[in-house]
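Following the hints, complete the assembly by docking chains B, C and D onto the known chain A.
Protein chains: 4
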Amino acid sequence: MQTQILERMESEVRTYSRSFPVVFTRAQNARLTDEEGREYIDFLAGAGTLNYGHNNPQIKQALLDYLAEDNIIHGLDFWTAAKRDYLEALEEVVLKPRGLDYKVQFPGPTGTNAVEAAIRLARNAKGRHNIVTFTNGFHGVTMGALATTGNRKFREATGGVPTVGGSFLPFDGYLGEGADTLDYFEKLLGDKSGGLDIPAGVIVETVQGEGGINVAGLEWLKRLERICRDHDILLIADDIQAGCGRTGKFFSFEHAGITPDIVTNSKSLSGLGLPFSQVLMRPELDVWKPGQYNGTFRGFALAFTTAAAALRTYWQDDAFEQEVTRKGEVVAKRFQKIAGMLRELGIEASERGRGLMRGIDVGSGDIADKITHRAFENGLVIETSGQDGEVVKCLCPLTITDEELERGLDILETSAREALS
Amino acid sequence: MQTQILERMESEVRTYSRSFPVVFTRAQNARLTDEEGREYIDFLAGAGTLNYGHNNPQIKQALLDYLAEDNIIHGLDFWTAAKRDYLEALEEVVLKPRGLDYKVQFPGPTGTNAVEAAIRLARNAKGRHNIVTFTNGFHGVTMGALATTGNRKFREATGGVPTVGGSFLPFDGYLGEGADTLDYFEKLLGDKSGGLDIPAGVIVETVQGEGGINVAGLEWLKRLERICRDHDILLIADDIQAGCGRTGKFFSFEHAGITPDIVTNSKSLSGLGLPFSQVLMRPELDVWKPGQYNGTFRGFALAFTTAAAALRTYWQDDAFEQEVTRKGEVVAKRFQKIAGMLRELGIEASERGRGLMRGIDVGSGDIADKITHRAFENGLVIETSGQDGEVVKCLCPLTITDEELERGLDILETSAREALS
Amino acid sequence: MQTQILERMESEVRTYSRSFPVVFTRAQNARLTDEEGREYIDFLAGAGTLNYGHNNPQIKQALLDYLAEDNIIHGLDFWTAAKRDYLEALEEVVLKPRGLDYKVQFPGPTGTNAVEAAIRLARNAKGRHNIVTFTNGFHGVTMGALATTGNRKFREATGGVPTVGGSFLPFDGYLGEGADTLDYFEKLLGDKSGGLDIPAGVIVETVQGEGGINVAGLEWLKRLERICRDHDILLIADDIQAGCGRTGKFFSFEHAGITPDIVTNSKSLSGLGLPFSQVLMRPELDVWKPGQYNGTFRGFALAFTTAAAALRTYWQDDAFEQEVTRKGEVVAKRFQKIAGMLRELGIEASERGRGLMRGIDVGSGDIADKITHRAFENGLVIETSGQDGEVVKCLCPLTITDEELERGLDILETSAREALS
Amino acid sequence: MQTQILERMESEVRTYSRSFPVVFTRAQNARLTDEEGREYIDFLAGAGTLNYGHNNPQIKQALLDYLAEDNIIHGLDFWTAAKRDYLEALEEVVLKPRGLDYKVQFPGPTGTNAVEAAIRLARNAKGRHNIVTFTNGFHGVTMGALATTGNRKFREATGGVPTVGGSFLPFDGYLGEGADTLDYFEKLLGDKSGGLDIPAGVIVETVQGEGGINVAGLEWLKRLERICRDHDILLIADDIQAGCGRTGKFFSFEHAGITPDIVTNSKSLSGLGLPFSQVLMRPELDVWKPGQYNGTFRGFALAFTTAAAALRTYWQDDAFEQEVTRKGEVVAKRFQKIAGMLRELGIEASERGRGLMRGIDVGSGDIADKITHRAFENGLVIETSGQDGEVVKCLCPLTITDEELERGLDILETSAREALS
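Residue numbers (our numbering), protein chains in the order written: chain A, 1 to 421; chain B, 1 to 421; chain C, 1 to 421; chain D, 1 to 421.
Take these hints with a grain of salt, some might be off.
Derived DSBU-like pairs (lysine-lysine); straight-line CA-CA distance at most 35 Å [claimed, not checked]:
1. K192(B) to K126(C)
2. K153(C) to K103(D)
3. K192(C) to K187(A)
4. K192(D) to K337(B)
5. K153(C) to K96(D)
6. K289(B) to K333(C)
7. K153(A) to K126(B)
8. K289(C) to K126(B)
9. K103(B) to K192(C)
10. K96(B) to K289(A)
11. K337(D) to K153(B)
12. K187(C) to K126(A)
13. K192(D) to K153(C)
14. K60(C) to K192(D)
15. K153(A) to K153(B)
16. K153(A) to K222(C)
17. K333(B) to K187(D)
18. K153(C) to K289(A)
19. K187(C) to K153(A)
20. K192(B) to K153(D)
21. K337(C) to K96(C)
22. K153(C) to K187(A)
23. K192(A) to K337(C)
24. K337(B) to K153(A)
25. K153(C) to K126(D)
26. K103(C) to K222(D)
A few chain C residues facing chain A, derived, Cβ under 10 Å [said to hold, decoys possible]:
27. T149
28. D388
29. G389
For the chain D half of the interface with chain C, some residues (derived, Cβ under 7 Å), not all of them [claimed, not checked]:
30. L6
31. M9
32. V13
33. S17
34. S19
35. N55
36. Q58
37. Y66
38. E88
39. G108
40. L272
Note that these hints are calculated values from the structure, not bench results.
Quick reminder that beta carbons are idealized off the backbone N, C-alpha and C, glycines included.
Next up, chain A with everything else stripped away, as it sits in the complex (with noise of 0.2 Å):
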């Protein structure tokens, strides 16, 4: 593999090509193949990008049609058939049946920008600054997202310069068992000299995917809705990476029987990993002025296109939920047995997740790495998330077929058990 140009020519910021060191190729549903054409299950899946699998054949099918004539490609914020289409598609597929009734902001293609304009529209709406965010929490790396992101890589990394107008709360779970981490956040709220600035609103991803696969119970997330509600606060479901089916559902708060005010989707939107993301906001949130935020890439109908598409295919019925719900559960039970296995190997692991997103904390990242990376030599895509990188993923297409997730789960227990023993 010609590697050297690559090498040579692209930052010390590269990442991934660290871990997979190979030149890809071709991709297929769950299959990735590298230059010399050695081939890999992928439970990377573009680190939840490719809910659908890659090269999606309904999807990529609409995208060729669109092709084939044309059709408008780049609309900046134009009106076009291609985005009229995708709107209709997510009111009469997405929006209708689950009773949420929100408008749409195109703020820019990538989860950050929908974080940038999530949080600012929160805070316009509301006249006030803070942002509310939790330990583990993700949301992206422009200066206004990385106010709400923990990972000490990046905040460490603006040469100096502070993130303004975040602050940190516990996540579910992180005060240890028996403590809901909502005490603390609603005893501040109710103090006067706490030091908690009222936020606008509050982000949070119901599983916290770069944070390590952390997963919100869901009376937390109910409790959290409630603070909110009683305290004039926005909640914002960052679901960019646990939403478009992720967990089971096509939102990932659907399984609290929360209505957020303002949602962030990226990543799987578009279907077939093209950059596009959304933000939607409760329509009496919709403050904003014409063209108080704007971006080049805000109206790319190729996107629209894939995304109606995506949305027509798998989400008309519950089939999807369901099939996605079974093969959530048969990661989770090989995943409690891998944990088993380096439980008898004397290493404190465990098993957590909600529908395809799931991960094995193995305790340390460097566990995990011996792990994944054994797991690629024998042929297998798969990615460590977590403070310390400690808990090995699934990210798996939720589209994967049963044998393909055996084979990878197969891989990642045999890879696991070589690794550590």
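Then chains B, C and D, alone, in the frame of chain A:
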């Protein structure tokens, strides 16, 4: 045209659909078509994103070829054949012939992301927080980039959070005839109590696009580079709008014979309107540690593919440059004529620009709006820029045919006359 | 009493004159006299500024002696005999006997100035921007200090400018019985994505004055020191209110046997109510360059003079400490009795404090106000603290006579009964 | 002289004791005496804090009278007879005769505290965060004030924390002869993308003290006031150094016939070098809520007492103004002569100032230091200011006798000659 769902569901933040309230469907080179079959000449071209026209055949063919097989579409920051191919094209076609030695960062596919990465890199490299930017500069709206963007519309929509780390100085010409605004910069640098924190970098557009087609003089740019070198300050050329041939050279700073330390590109970089951006940096500035800046869509293989095709199609020799320059002169002459006509009507109008980045300053946003509204009625999509929208600007595809160019200019001239007589 | 001009000319920001709407004229030790000759016992003592009482005779004599000749009064940061004399007293009477080795900065005469200097020194010494502070902490209201002050009243009056560089953590006891709040701090320090930027320093009051007479446990303080040492974080003891003997030791942190890296003193430091403050720092932390922090009144010779007199009068042996401790127990017992009485009236009341820094938490600001208003009518000046003003606090002069102390306590007890029966 | 303990214990931050390495003991009017009995003429006068001289007899007598009985010394923000008396003097002697209607805030006794309060008040009153300040402005070093202070020495000593909420614009004359720097300000205000956030207020010294005795033209000040009025921006006159008669009027802005919305005073306000400051505000701007800004030493009764005495002693008629003006001309003439002499020695020197706030710009800090060091050897305490310390400045007591003034000027002239020949 069915626009109800667009009006109902899209946030009030939408803007271009207010100026051009039609639903666009087809687009080819410099022609846009709306749903009712009406055609428009496109002098906006995705705000400079479609330098090679809508649905450019060669570039699109590269996309279709890539899509014809199951090549990887979304690759995080994996090594992919598509990325490698792009780097090869960039090196061979662009950098080597110009004697430039840059490393490349793919920071996420939008311009604002590139700017966030660029200024953060400068801060990390120099250990200083300040970034000097110029009046009427536009560098994006995420909070980091916004510190360098002058537009009040965005700056006042942050929910009260002040931006941090940017200092505005007067752009070339801002202090009137005869005053070299860099005198002020240089004086401040040497003044221990002038209030200017020694900057890590200076970010500059050689021609300000959103700011009103303000053209920095070549001597001014040379002096700016010299000042930066003398004071160990990094020169960041934001070539997001002015780059990719818009001014008649691939990089807009080539006219001045300067070599920025850091360059940002986006908009037309992908060649087809696909979200894509890059940061170029002198190799010794690549102080990033692995993973210190990230983003999901920094390995969008379709954009690598079309970007490589664009470079190979248009930049192997200087024919395209000459063509852009020639067309630029056509526009310049006609704009001067229109400006002259406006002056006869008592409007203080003047032409300015470089290459095919040109504008007529008509002195007020109201007058400019009258002209562009009339132009739209007459079949021309054209927008304004400048602090008050007082500059009617031409950002037509560089690939526009002479006939379309003339037709567009005719419409504009007629519309200006009609609107103001 | 003539108060018209006061009401007309003084800004609405005035506060104590609303609780005590009389014009005070004379004051001696623990007695205040108003213009109409009415006497009050003073349990407020300048919010802890008059530990040695009003017009303390020995200290005042030193002032008069100094003023008797044309000794320099205002000396910028000149070397003066008065400053030298103070440093000698500080070293001989305070530092040496306690085995402390500190250098001294006179940063301007107010507490907030001392805090601004202290946290800036910590940041400069460690090259990090973050300062950890605690819920209900009060460290001043200038913008740098305000980042570490929890009170919303001040934080919301910055015209929307968020403070930068402070992170609030729960003070001892804040998470309820059985929870050691330092577990949370230590977890965050070790958590690479917990959102806590590694701090340069931690600023703490061992007993929070304005925050509600919240007493940090001695083991908690020891553990805090240990955590700081383990993580190379500077421990800053803000002893502005709790220092100068208030808790029964000269430095309030002596009880815990810890040695902060940086100490701030003000309030009672001058001994007579003259504006005066200092920052003590371990010698190796003195990274200031000449003149990097300044202020006009950092060489107020009258305060040097009275401060030296205070040290020599009260701190040559441990007699004064013992007296304070004894009186503290008197107050504690009576406060417990009053709290018991209140509980019988159905009010959830409790006593807390250390030395002569004591309070009765009566659960609500309304109840506390009723008591203190009645007390004022009955001849006692006493204030509340805590986030809701729910703590009736005693900060009487340490030099109060037993008779006056008993009389003040009698009035308080009577007033509480009268107010709430 | 015994200086060991001073050198050992005082922080490296100390500065004046490096220029004047003696221990001062006595001081009377414009004379300082060191421990060895050496006398110095004082042209520094506490950096403008001792306008009425050291140990001014009348003012000091008021202090002694107050201290003769047990009058309250420290009164938090209680109503005291001393405060009332000061307000009466301020109203009768200063405000009424000048037709000024201001309310008064006592924000803590230092200048930086007054500035913090003033800019916060402006922000709260206008609901905007930005404060415009000028090149070479000095307004204090606490973090809020520092945002408006240009000096890099302080700005670079914040441990990397950038200041927030200040925008620097060129002071009068900064852009050279013939350029009115307010053209730039006015252009920026009208420019929607110039990068200047509409400010809540503009803070200005009519004569910049620390910045180098830079004198704002009276027309420039009038235009500045007009611009502020036209744009609903508050004009804040920082009269901490230039006020209290220094320029020949009580308020330095009287020369220009303007009426600032907010005024800050400190330094010479107490008349005797006691820490004291005030914020004056137009009554309708008094948007403070009770207690929104505080500080322990905002009711220092000794300073009220001496300040009232100073007003009544010197400002009942215009005799003192005339005397200051006369002496100012004496200094001006001699400074012009010295500057002429320096020019003959090849040094580009010039005189400037207003009233008794005067300097000789000698072009470099090295030259200025040579002169002031020699002057000190010859018995004159005189300091430099300006960004490089290039301005030898005279801030002698306004009460200096003609003989002492002449003697000081003689020493300076001789020293300049000696130092540079």
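Violated constraints from the hint list, given by number and in increasing order: 6, 10, 11, 14, 21, 24, 26, 34, 36 and 37
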